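Student: Now for the letters of each chain:
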Amino acid sequence: MNKYLILVSILLIAILIAGCGPVEVVPAEEKIKIGVVTPLTGDASNFGEWTQEGLELAKDEINAKGGVNGKQIELIYEDGKCMPKEALNAIQKLITVDKVSVVIGEICSSATLTMASVAEEAQIILMSTASSSPKITDAGDYVFRNWPSDIFEAGAMAEFANKKGYKTAAIIYVNNDYGLGLRDIFNENFDGNIVAIESYEQESADFRTQLTKIKSANPDSIFIGGYTNEIARIVTQIKEIGLDAQTLSVSTAESEEALGIAGDALEGLYYSSFAIDEARGEAKGYQERFQAKYGKQSEIFAATAYDALKIIAQAMENGIDSETIKNALYSTKNFPGVSGITTFDENGDVAKPPIIKTVKEGKFIKLGE
Amino acid sequence: MGIAAQLIINGIIAGGIYALVALGYTMVYGILRFINFAHGEVFMLGAYLGWVFNILLGVNVIVAGVLAMLGCAVAGFVIDKIAYKPLRGRGMLPPLITAIGISLFLQALAILIFGAQIRTFRTGEVVRGITIPFIDAIITKIQIVIIIVSVALMVALHFYIKYTKTGKAMRAVADNYEVASIVGINPNKVISYVFIIGSALAAAGGILVGMEQNLTPTMGVSIGIKSFTAAVVGGIGNIYGAVLGGFMIGLIENIGIWFIPSGYKDAIAFAVLLFFLLFKPTGIFGVKKGEEVSV
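Order-wise, the sequence lines are chains P and R.
In this text, residue positions in the first sequence follow this note's numbering: the first is 11, and each later residue adds one.
In this text, residue positions in the second sequence follow this note's numbering: the first is 4, and each later residue adds one.
By construction, these hints were calculated from the structure, which means they are not laboratory data.
Note that the coordinates shown come from a computational prediction; the quantities given were computed from them, not determined experimentally.
Glycine residues also receive a C-beta, built at the ideal position from the N, C-alpha and C atoms.
Be aware that a few hints might be false.
Computed from the model, here is a short list of chain P residues facing chain R with C-beta under 10 Å [as the list claims (entries may be wrong)]:
no., residue
1, Val205
2, Ser209
3, Ala215
4, Arg218
5, Thr238
6, Ala272
7, Leu276
8, Ala289
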C-alpha cells in the first residue's frame, strides 16, 4: 500500500472523528426521533419558520421536563418546499433512513395529501399543523391535523360576506388543493352571485391579467384564497389597477411579512382566522415564553405546531410504536392547547371556531375591537 | 376597449422583461451553442444586488441599478471563467449540466445570504396607477420605467452590436468561430464580453421586476424559463429574434388568458414553445446551421 494512501486515510478518519463534534451525553438510541416536513425555502417558508419556532419551543419544554418516559425528543427537519414532489422525497427519507414513527407536516395541503398516502401505507403517523383542504379529512387513518378544515374558514368568510350584504363576489385562488378547497366552500356558502373565478399558479408574482378580468366583472368583493406572499401581492396589484372591491381572505393573510410587502394596500382586508386565545392561562404563559425565546409574539401557525408536538408527546407516553400513538391520539379529549381546546374526531380532524379579523393602521385586529 | 388595452399593456410590460433576459440566453447560444441555464439566477442576483445598494445602503435607485448591473457583469464574467471556460470544446452536455449546477448554487447562496423570505423595494404607499387617456388602461410609474428602460437597453445593444468593434467581433464569432479566430479575433475575449453584457441586461430586468413584484430567491426560475422560450421562439442566436420572442410571449400569455381560464397562463408560453419546436424549430428569425449539434 502506498504510504500516501495510508496518510490520506488517516487524515480522513481524523477529519471524520473530529467532524462528529462534542460527544452526545444521551446515547442516540435513547432519543425519540420525530420527523418534520415543512417549507424551509420557497414562498411558503414563513410558515415553515413559524412551525419550527413552535416545535422547538415545545421540544425544549418537553425535554427539560425529562422528555417522554425519560427519553429526549429529537426533531429531524426536511424541506418540503410546500411542493408535493419535495414533500414526498422528504417523508420517504424520514421513513427509510431515520425510521421515524411520527412525521409532523406539511403546511400546504397538496404536500400533506401526497405524504398522506405514503404515511398510510407505511403505517406512520402524519400530523399536519396547518393544512386545511377538506380532502385531508378522508386522507387516512394515520393522518391527523391540528388545523380545522377550510369548511370553517372559507365558510365563515362567505357568511360574513352575506351578512355585509355583498351582492357579487369574485374569487381568485391558488391552483392547488388548498386554493380549490377554499374556492369551493366560499362558492357554496356565498348567497350572492359569483361573477368571476380566476386561478393562478403557486408562487406567482404577476396577477394583473387575472385582476383585469375580475375588474371587468365589477364585483362588490373579492375573495382571495392563497398563501401570504401571494395575498400581499394581489392586494397591492388590486390597488394599483384601480379595482374597487372589498378584499376578503383567510388566516394566511395574517403575517408581518404581508404587511411588509403590501403596506397600506392590506388595510381594510377582512379575513377569517383562529386566534391564540390569550384569555386562557395556558396561552398567556405560552406567549410569554415565546417572547422570551424569540423576542416576538407567536403566530397562530407556531401555536398549532407547539400544540401538535405536545399532543404527540402525551400520546407517546403509552408506547412509541405508531399503532399505540394512533390510538392515543384518537382518544385525546379536550387537550388544553394554546391554539384552542383540542379533540380529534374519527377522521383525525379538529374543530376550532373561526373569528373575523381585519387590518387597521398596520395591525391585525379582531373585528369590533 | 379598456380591457383589451389593459391586457396589451400588461403583455408589453411582461414582454419587455422577457426580452431583456432572452437577450442573454440568445447571445451566449449564438456563440457557444449552449443554453446558459444559470442566466435566470443572474437575473435574481441583479435584483438582490440592487436591493442591497438601494434599501440596505441607501444609494439612489438609479445608481443602485447601475451598480447592480456592474456587479452582475462581474458575476457573469467570473461564472464563465470558473465554470464554463474549462469545459469548452468538450461537447454540449458538460456545460449544460454545469449551468444547472451554477443555477442551483446561486439560488442556495441567495437563500443563505438573504433568507427565503420576500424582500421588497417598496417604501411608500401603494398608489393607484395612472390611467392612460383615450385607451382607458392603467399603468403604474414603475411599469412605465420598465418599458422605457428595457426598450432603451435593447436599442443601445443594437447600436453596440452593429457599430462597435467588439460588437462586430461578436457577430463574426457567432457567424463562424474558427474563421473569426483565424482573422485575428480572440474568441475568449468576445465570449467574456457576451457574458458581461448578457448578465448586465439580466440584472436590469431583475431590478425592474424586483421593484414591481418584490424579490425571492426563486424569482429567476420562471422568468428564466419563459425568456428561454422567448429566445427559442424568436430564433435562438438572433438578438432581434429574442426581442420579438420576448414581446410575443408576453402578449400571447396575457391576451391568451382572456379566452381561456387564467390557471393556464404558464401553459400558454409552453404551448407556444412546443408549437415552434415541432413546426419551426429554428424560430422566427433563426437560420439552420450545418454545424449545430443536437444534444
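Student: Does the structure break any of the earlier hints, and which numbers would those be?
Tutor: Hint check: 1, 8 fail, others pass.
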